[in-house]
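Now for the letters of each chain:
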Amino acid sequence: MAEDGRPGARVELSGWGWRHAGRDAHTLRGVDLVIDPGERVLLLGASGTGKSTLLHALAGLTGDDGAIGGDEEGLLLVDGERARRGRAGAALVAQDPESQIVMARAGDDVAFGPENLGVPPEGIRERVGEALEAVGFPYGPRHPTGALSGGEKQRLVIAGALAMRPRLLLLDEPTANLDPAGADLVRGVLGRLLERTRATMVLVEHRVAEVVDLVDRVVVLEAGGGVVADGPPRSVFADHGAALAAQGVWVPGHEPAPSTGAAPGGAVLLEAAGVAARTPPGLGVRVPPRRPVLENVDLAVRAGTATALTGPNGAGKSTLLTLLAGLARPYRGAVLPRGPLAAADRRPLARWPARRLARHVGTVFQHAEDQFVTGTVRDELRFAPLRAGRGARETEAWVGELLERLRLTALADVHPYTLSGGEKRRLSVATALSSGPSHAPDVLVLDEPTFGQDTRTWSELVELLGELRSQGRAVVMATHDGLLLRRLADVRVRVARGRAEETGRTAAEGGTRGRP
Amino acid sequence: MADREPGAPVADALTLDPPDDGGARYWLTRFNPAAKLVAAMVLGLGLVPAVDAVTGGVVLLGVLALVPFSGLDRRTLLVLGGPFLLMGLSSGLVNYLYGVEGLEGAVGAAVRLLAIALPGLIAAAGSDPTDLADGLVQRLGVPERPAMGVLAALRLLPLLADHWRTVTLARRARGLEAGRNPARMAALFFGRMFALLVRAIRTGTLMATAMDARAFGTGPRSRARHSRWGTGDTLLPVGALLLLAAAYALSARLGTLVLLFS
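So the sequences go chain by chain: A and B.
393 is the number that full-length UniProt numbering gives to position 393 of the first sequence; each next residue is one higher, with no gaps.
258 is the number that full-length UniProt numbering gives to position 258 of the second sequence; each next residue is one higher, with no gaps.
In isolation and in its complexed conformation, chain A is listed as follows:
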């Protein structure tokens, strides 16, 4: 590629610190760091240490006309100048491809950056062609961006960054939102790119093991502080691995090993019979017709069993979950209660009154915020038991216990939206369970429950789910998390091309698993 000849940018921070607007504490402070041209650096730290903030600052987004407001101190220089967005040669790729694609057609989207840089039209066309080729984009420039899969979208976002011919490539968990196949694709693209370009790269990634081959240096940050470790990956992990792992960082060789009880198994509680679902309708000219997402899916959910739905992004896992949870009506077929669940109501789940449904089937959404309905953490937890008719004293005792157990006691009176990612996740699981100790729902349905969590929250979640399973409750989850699958999944169902097929059953070894 054309930028091959251009050296990467040199980054220099001294005494650098950042405090977000409206916060009392500094996110980062006293950061001293020099990154030489062409170096590949992985930034590590527990959640909330300001890794993303540092990337944004390097991209020039925290400057005077930047999108992010706050107080800056110390020096942050890219090639000896204060970082300015765009013209300084930095390009940023963030987590969620959905919110980074600006235009409706692939080529237009890649052209967006060069257009903003004032590149003449002929030059733009050349750059768009090059960038799309560099990421192995399988379609033409006129392909609608809305019709791309998650992995394809993220490849397009990387192409959009490359088209700006960056000398400093900033990657903020670029594979976090992707299914394993999509993440592999993107990592492959990055690996090939880094061989060809001399650009400096700074990478933030949760799951370290998967990217450690892409970097030659690891820098560990501390919340409210600066750099606490710096060096080649192997020596940093050897010296600081245990300490990092204790803070919840995913470190190779220090994977959490939660103890999950045995899977007792049990009767079928839910049965999907011939279920079909379609995409929602669109409006406009030449909108694609409603397309089937699921066709004729049959699935049985058993008590005392963890059922995992796997499969590529967009294959209909989340849709199937909402149908199994009785939240939406399938286009054809029905999800029917069986065994003890049928004693509550014999009708298809989608026709149950919401109150009854919430008592028997708990749902945890991928974005925890979607399911919060009150103004404080405590009210969120009180909500279900009070509606289920529990007395005030019983409710308070149970809410106190849940708060303690989920490490949310200190936050009982704050608004749920102000919690951190891990806290939100813990609260959302708690709300789905909070009808009472002996009244947890018979079926718990979770969409990507471990997504983006540090090892501490991860372990707590897995232990909690294991405990529910031991009590004979059914756990159904959609997940890409390989470790979660190994630790907890008894039955694996692959959802792809409108079908759901059981691909594995590990119930036999259920009793021996999960002991560290």
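Mixed in with the good hints, there may be bad ones.
[What the hints assert, rightly or not] Example chain B residues on the side facing chain A (calculated, C-beta under 8 Å, incomplete):
id	residue
1	Arg171
2	Ala195
3	Thr209
Just so you know, these hints were derived from the structure itself, not from any lab.
We put the CB at the ideal spot given by N, CA and C, even for glycine.
Fit chain B to the supplied structure of chain A, relying on the hints for placement.
For chain B alone, coordinates are given in the frame of chain A:
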């Protein structure tokens, strides 16, 4: 306005060719969206002075005749046009019940509203948003930053629709259901609106950050796409003007023309 004229690039990978598939049903989509918008504005503004049913009716019939060629399907027309139809009918009804002009005035009010709204609806909903923004910026001199901002926001609409569905499902998951109680229905609706707003702000902020990171608004932009303008694009507003003139002439001839403030 047009800066690289008229020898604009032809083999331009990013400029969309006028769609030639689909035949007559998509005839209107071949025009520059800016031309459609100008034509719609000619009709809309031109109808403001005339309040009788005949002038509006002729324009309405003329535009209705184009609907089958607009590329819009029945569902889109119904969903987007439904509110206007309702507005037209209710405005007619109110005029009939309380107006001084009786049935004639009422029909005039309804027809006029529809005749003003329909061309704009066809122009906006029947155009590709990117082409529309390009046309507005390059042909009508609309400032670039707001046009691109609105275009990016349009890409968020399907995401918002998704969020709305999720938020609705989440209320049911928590055991919230309005049943037939209107007060509870309203409370639930506002709860969902709030949850949607939070998500929308978050997504919007992420996208703004992404646009900033791609140097949006750091200096003068160049343009990867060229907004084409052919003879047909000039003729479309002219045609609209002719239709308008014909409507006024016919109405005057029949003696039905009633002007505002007359």
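We went through each hint and held it up to the structure:
| no. | hint | in the structure |
| --- | --- | --- |
| 1 | Arg171 | holds, 7 Å |
| 2 | Ala195 | holds, 6 Å |
| 3 | Thr209 | holds, 5 Å |
The structure fails none of the hints (numbered hints given earlier).
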